[in-house]
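Generate the whole structure from the sequences, applying the supplied hints.
These are the residues of each chain, in order.
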Amino acid sequence: MAGTTATLDGAAAGSAPRRRRNYARQYWWFVVPCGAVVLATIIFPWVFTLWMSAHEYRLGGGSSWVGFANYAKLVSDERFLLSIVRTLYFTALSVLIPMVLGLLAALAFHRKFPLRGLARTIFILPMMATPVAVALVWTMMFHPQLGVLNWLLQQMGIPPSMWVYEASSVIPTLVMVEVWHWTPLVMLILLGGLASLPIDPYEAAKIDGATPWQAFRHITLPLLAPFLVVALIIRTIDALKAFDTIYVITQGGPGTASETINIFLYLQAFAYYNLGYASAVVVVFFTIIIALAMVLLWTRARVKDS
Amino acid sequence: MSHGITRRGALAAGAGLLAAPPIVRQANAQSQFDWKRFAGERIEVSLTANPRSQILIQNQREFEDLTGIRVGSEQIPEQQHRQKFVIEFASGRPSFDVINISLHVNKRQVGRARWCTDIRALMQDASITSPDLDFADFGAGAVAYSTQADGRMDTMPEFTDYFILYYNKELLEAKNIRVPQTFDEMYESARRLNDPSRQIYGNVGRGLRNANVVLWSSFLLGTQQRDCLDANRRLVTDSADAIWAGEFYKKLLRDCSPPGVAGFNWNEAQTSFMQGRAGFWLDGVGFAAPLEDRTRSRVAGKVGYAVVPRGPGHHHCAMFGTALGIAEASRKKGAAWLYVQWALNKTNQLRFLTSGAGSPARTSAYRNEEAIAGSRFSREYFSTLVESGRISRPGLPEIVPVTEFRDTIGAALTSTIGGADVATELRRATEAFRPVLEQSERAG
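Residue numbers (this note's numbering), protein chains in the order written: chain A, 250 to 555; chain B, 1251 to 1694.
Calculated directly from the structure, the hints in this document are not laboratory data. By construction, the Cβ of each residue, glycine as well, lies at the ideal position given by its N, Cα and C atoms.
Simulated pairs of lysine to any residue, SDA-like, Cα-Cα distance not exceeding 25 angstroms:
id, chain 1, residue 1, chain 2, residue 2
1, B, Lys1582, A, Gly309
2, B, Lys1334, A, Ile291
3, B, Lys1334, A, Ala384
4, B, Lys1334, A, Val381
5, B, Lys1334, A, Ala289
6, A, Lys490, B, Gln1330
7, B, Lys1334, A, Val497
8, A, Lys490, B, Gln1333
9, A, Lys322, B, Ala1682
10, B, Lys1334, A, Thr290
11, A, Lys490, A, Phe293
12, A, Lys322, B, Glu1688
13, B, Lys1501, A, Ser418
14, A, Lys361, A, Pro450
15, B, Lys1501, A, Leu395
16, B, Lys1334, A, Thr298
17, A, Lys322, B, Thr1680
18, A, Lys322, B, Glu1681
19, A, Lys322, B, Ile1649
20, B, Lys1334, A, Pro294
21, B, Lys1334, A, Gly309
22, A, Lys490, B, Pro1327
23, A, Lys490, B, Lys1334
For each label pair, taking beta carbons as the anchor points, the in silico distance ranges come out as:
id, chain 1, residue 1, chain 2, residue 2, range
24, B, Arg1476, A, Val296, 44 to 50 angstroms
25, B, Asn1482, A, Gly406, 56 to 62 angstroms
26, B, Thr1674, A, Thr370, 53 to 59 angstroms
27, B, Arg1692, A, Val324, 23 to 29 angstroms
This is the structure we're talking about:
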């Protein structure tokens, strides 16, 4: 075949080398729209956030350069530091519990039993609900005197709980809502993983006399590990950015007992209009997320290697 | 000498008759206000979602028919609305011409940034100000609340919210308890009413951070000090009187209010009171309508209304208010001003009052005996509103960082419900907020 097929670097297949044409320069124009969007929606906001974080910037009140003063203030701001602790506490519980329950649910729904399809559908229903609507319904159910949850506890002879109305129980209660809402997602991811596992190792293990626990521990869990890591990453990101449920149910209260970084950030930016300080919070929060993401990605790489 | 009709006289009379119609038209134009002056224009109105805004939107057609101006109205929940309009104002090109603001939250912020136009200039222009405006009809307190420290009146008062005492008549009668006249009486009566075994509590109120500050400030208003700032605009929320108010708040909410009250905002408190679980509830006037709604409330027809009890030093009730302003950046100020006049006319203000949507800024509404007699609310309710108007005083300091103030002091108050020491908490909160206030005051 005649060497007429042009390639990107200008060489013609099967023909003698000709003068190289630089197509790259003219293709740059195709990158411009995408680059402009990235510049406008990612790079500019980030640069502007960094710029604001170095200013005392209040909506309706002008701005002035303060250097690293906002960051220095953050380090000594007890409310901010506690919000980090609460965020990590909330995230840890909101990731671990759905992971465990989601895995159990996936194992259960992987087995064949009557009406399995219907049971699966019912199980994933919470995930389909709008978070704000869900939060409003839970708020009504949590009412200490008139909520249905305390009524149920009383029917079972259990003393009533204060749920989100007491500092000591507010975060576990919010985690409960999060678990109810997002365990189905973990279950779906892991169920997909289970469906893709090969049957041969199980048959071999059965012949060798492995117990169900041994099969789970030494076959299912290692093979499912990539799916577990994916679920872990998704859940961690979701839990870290949780805002709507917490804001609607408690607004960070009682006191500041459920004030996570997101709530703190929201209040600084949109209730106090202290945009400079809020920008510094964003930068610090972003750094924390990057650090966590790197740990998770490193874990994923290790799982993949093994 | 004869004075019969002369030819010259007849000509003059004829010319006069010919000239009469234009002269009469001009005379009528001066006596009759031209509402159609801006016909064909369209204005945008941004309102906070509440029953009063609902009334304005429901009756908006009246305004459109009267003026030929088309109105685009939006109503947004309170907190989101505040954020939206601040951001839009700060952008320099707000999407609205007329804005509904909470004076107790945004007055100073809006005034300092000069986001709203001075209404007085519009009011002086007879060509765009209806003779029916009757500005003197607006209560002096409401007008003062709408007026900035520099004398500019950049909003027109719409609604004045007073804290009043709601009480469950049935519960009080069962224990032969009279309506409390002082805070001490209120506490003693609440203790007597308190019966946790039946899930009946003497009192219910706001415990949630931020929302709770207005309940505490209601008690502070009864002390010698009364306000959160002194004459030099310095923060005095850790004074002896402030601590007294905090102690009273703590014991009322700790000793005779439902468990979990530390997380209660007005909606949880309303639910408890509506279900007949609380004897007293001190909160804004706007809750009469849901409490008297027989389809939702178990206490409908059994709700008593009274002014806030007297404190050890003074007798005041906390006052809050909303108002309508016209964006300085608006290019349709004339049409917007006509809308404001219509929205705050006597008819709409009476609608607010008789529907239980709140206490209007105009005083004439309270004097309309016929409308009041036909209302579903008791005479006690209306007399409480009138009496509250006499003893009212702003319930929050007029400062820019008012939300931060409410959050900081509110968190301290919530901690006291959990048992923390009032003096320690208030001192800590005051120390935390003082630099914020000082910085804000320095900014002008």
